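Student: Turn these sequences into a full structure, and let the hints guide you.
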Amino acid sequence: QVQLQESGPGLLKPSQTLSLTCTVSRGFINNGVYYWSWIRQKSGGGLEWIGYIFPNGATTYSTSLESRLSMSLDTSRSQFSLKLSSVTVADTAVYYCARSGLSPSTVDAWGRGTKVIVSS
Amino acid sequence: QSALTQPASVSGSPGQSITLSCTGTSSDIGAYNFVSWYQQFPDKAPKLIIYDVSRRPSGISDRFSGSKSGNTASLTISGLQAEDEAAYYCTSYSSTSPWVFGEGTKFTVL
Chain R
378 QVQLQESGPG LLKPSQTLSL TCTVSRGFIN NGVYYWSWIR QKSGGGLEWI GYIFPNGATT
438 YSTSLESRLS MSLDTSRSQF SLKLSSVTVA DTAVYYCARS GLSPSTVDAW GRGTKVIVSS
Chain Z
165 QSALTQPASV SGSPGQSITL SCTGTSSDIG AYNFVSWYQQ FPDKAPKLII YDVSRRPSGI
225 SDRFSGSKSG NTASLTISGL QAEDEAAYYC TSYSSTSPWV FGEGTKFTVL
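Respectively, the protein sequence lines represent chains R and Z. Position one of the first sequence corresponds to residue 378 (our numbering), numbered consecutively onward. Position one of the second sequence corresponds to residue 165 (our numbering), numbered consecutively onward.
Take these hints with a grain of salt, some might be off.
[As the list claims (entries may be wrong)] Using 20 Å as the maximum straight-line C-alpha spacing, the simulated EDC-like pairs for lysine to aspartate or glutamate come out as follows: (1) Z:K208 - Z:E249; (2) R:K419 - Z:D226; (3) R:K419 - R:D451; (4) R:K419 - Z:D207; (5) Z:K232 - Z:D207; (6) Z:K208 - R:D485; (7) R:K492 - Z:D207; (8) R:K492 - R:D468; (9) Z:K208 - R:E443; (10) R:K419 - R:D468; (11) Z:K211 - R:D485; (12) Z:K270 - R:E425; (13) Z:K208 - Z:D248; (14) Z:K211 - R:E425; (15) Z:K270 - Z:E247; (16) Z:K211 - Z:E267; (17) R:K460 - R:E425; (18) Z:K208 - Z:E267; (19) Z:K211 - Z:D248; (20) Z:K211 - Z:D226; (21) Z:K211 - Z:E249; (22) Z:K232 - Z:E247.
Note that these hints are calculated values from the structure, not bench results. This structure is a prediction, so every number in the text was calculated from the model and none was measured.
Tutor: If you want it as C-alpha cells, here you go:
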C-alpha cells in the first residue's frame with residue numbers, strides 16, 4: 378500500500394515562499410501510471426485542487442495559483458515538491474499531497490496533510 | 165475555478181437511505197463521466213469511495229453507490245450507520261480547469 382508523507386514548515390510570514398515536499402514510499406513515483414497532486418483545505422472549508430505533476434515533469438496548475446506556483450519531481454528520492462511564492466494569510470490551510478491516475482481528477486491515495494499557517 | 169454545488173448539510177436516520185447531490189455544469193459533470201466522491205472524517209485526510217461516477221474502489225462497502233443525470237451527480241448511502249457521519253466531497257474533471265471540487269456536505273446521522 379503506497380504511503381505519502383508531507384513535510385515542510387508549519388509557519389510562514391506573509392510574502393515568504395512556501396516549500397513542501399511529499400515523500401512516496403511503498404510505490405514507484407515514476408512508473409508512468411500515476412501522477413502526483415497537491416490539494417489544500419482551508420479551515421472549515423472545502424478542498425481546493427492546487428496542481429499536479431506527471432512522471433515526465435510536465436505540470437498542470439490551478440489558474441488561480443499558477444502565477445505563484447511551481448512543482449518539481451525528484452524520482453531518485455521518490456519525492457515531489459511544491460513551491461508557492463508570495464504567500465498571504467489566505468494561503469493558510471492544510472496541504473495534502475496525493476496520488477492520481479486511477480481516473481482523471483481522482484485521488485486514490487492521500488498524505489495525512491500538513492498544516493501551514495501564514496501569519497505576521 | 166467555480167466549485168461544484170453541494171448542500172451544506174444533510175441528515176438521516178440509521179437504516180435509511182440518503183442521497184447527496186453534486187451539481188455542476190456542461191463543462192464538467194455534464195461533459196465527462198469522471199465524477200469522484202470522497203469521505204472525510206474530522207482531522208483526517210479524505211478517502212475515495214466512488215470514482216468514474218459509479219465505480220467503487222476495492223474495500224469500499226456496496227452501501228455506497230454513485231450515479232449521474234445531466235449536470236448533477238449523486239451519492240447514495242444505503243442502510244445508514246453511525247459510522248457514515250462525515251463530510252462528503254464530490255469532484256469532477258472539467259474542460260475549464262482540469263479539476264473542480266464540490267464545497268462539501270456535512271452528513272449527520274440522527
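Student: All hints are to be evaluated individually against the structure, with a verdict given for each.
Tutor: Here is how each hint holds up against the structure:
1. For the hint pairing Z:K208 with Z:E249, the CA-to-CA distance comes to about 13 Å; that is within 20 Å, so the pair holds.
2. This hinted pair does not check out: R:K419 and Z:D226 have alpha carbons roughly 31 Å apart, beyond 20 Å.
3. Annotation: proposed proximity of R:K419 to R:D451 is violated, straight-line Cα distance about 27 Å (limit 20 Å).
4. For the hint pairing R:K419 with Z:D207, the CA-to-CA distance comes to about 12 Å; that is within 20 Å, so the pair holds.
5. Proposed proximity of Z:K232 and Z:D207 is contradicted: the alpha carbons are some 29 Å apart, above 20 Å.
6. Taken as a hint, the Z:K208 and R:D485 pair is honoured in the structure, with Cα atoms around 15 Å apart against an allowance of 20 Å.
7. Proximity of R:K492 to Z:D207 is assessed by CA-CA distance (about 11 Å); at most 20 Å being required, the pair is judged to hold.
8. With a C-alpha separation of about 11 Å, the suggested pair R:K492 and R:D468 falls inside the 20 Å cut-off, and the hint holds.
9. The hinted pair formed by Z:K208 and R:E443 fails the criterion: a straight-line CA distance of about 27 Å is larger than 20 Å.
10. Restraint check for R:K419 and R:D468: satisfied, since their Cα atoms lie roughly 8 Å apart, inside the 20 Å limit.
11. Annotation: proposed proximity of Z:K211 to R:D485 holds, straight-line Cα distance about 8 Å (limit 20 Å).
12. The straight-line distance between the Cα atoms of Z:K270 and R:E425 is roughly 17 Å, inside the 20 Å bound, and the hint therefore holds.
13. Taking the CA atoms of Z:K208 and Z:D248, the gap is near 14 Å; set against the 20 Å cutoff, the hint holds.
14. A hinted pair counts as satisfied when its Cα atoms are at most 20 Å apart, and Z:K211 with R:E425 qualifies at roughly 15 Å.
15. A threshold of 20 Å between alpha carbons decides the hint, and for Z:K270 with Z:E247 the separation of about 13 Å falls inside it, so the pair holds.
16. Simply put, Z:K211 and Z:E267 have alpha-carbon atoms about 16 Å apart, close enough for the 20 Å limit, and the pair holds.
17. Annotation: proposed proximity of R:K460 to R:E425 holds, straight-line Cα distance about 16 Å (limit 20 Å).
18. At roughly 17 Å between alpha-carbon atoms, Z:K208 and Z:E267 fall within 20 Å of each other, so this suggested pair holds.
19. With a CA separation close to 12 Å, the supplied pair Z:K211 and Z:D248 stays within the 20 Å bound.
20. Between Z:K211 and Z:D226 the CA atoms are separated by roughly 15 Å; this keeps the pair inside 20 Å, and the hint holds.
21. With a CA separation close to 14 Å, the supplied pair Z:K211 and Z:E249 stays within the 20 Å bound.
22. Simply put, Z:K232 and Z:E247 have alpha-carbon atoms about 25 Å apart, too far for the 20 Å limit, and the pair is violated.
When each numbered hint is compared with the structure, violations occur for hints 2, 3, 5, 9 and 22.
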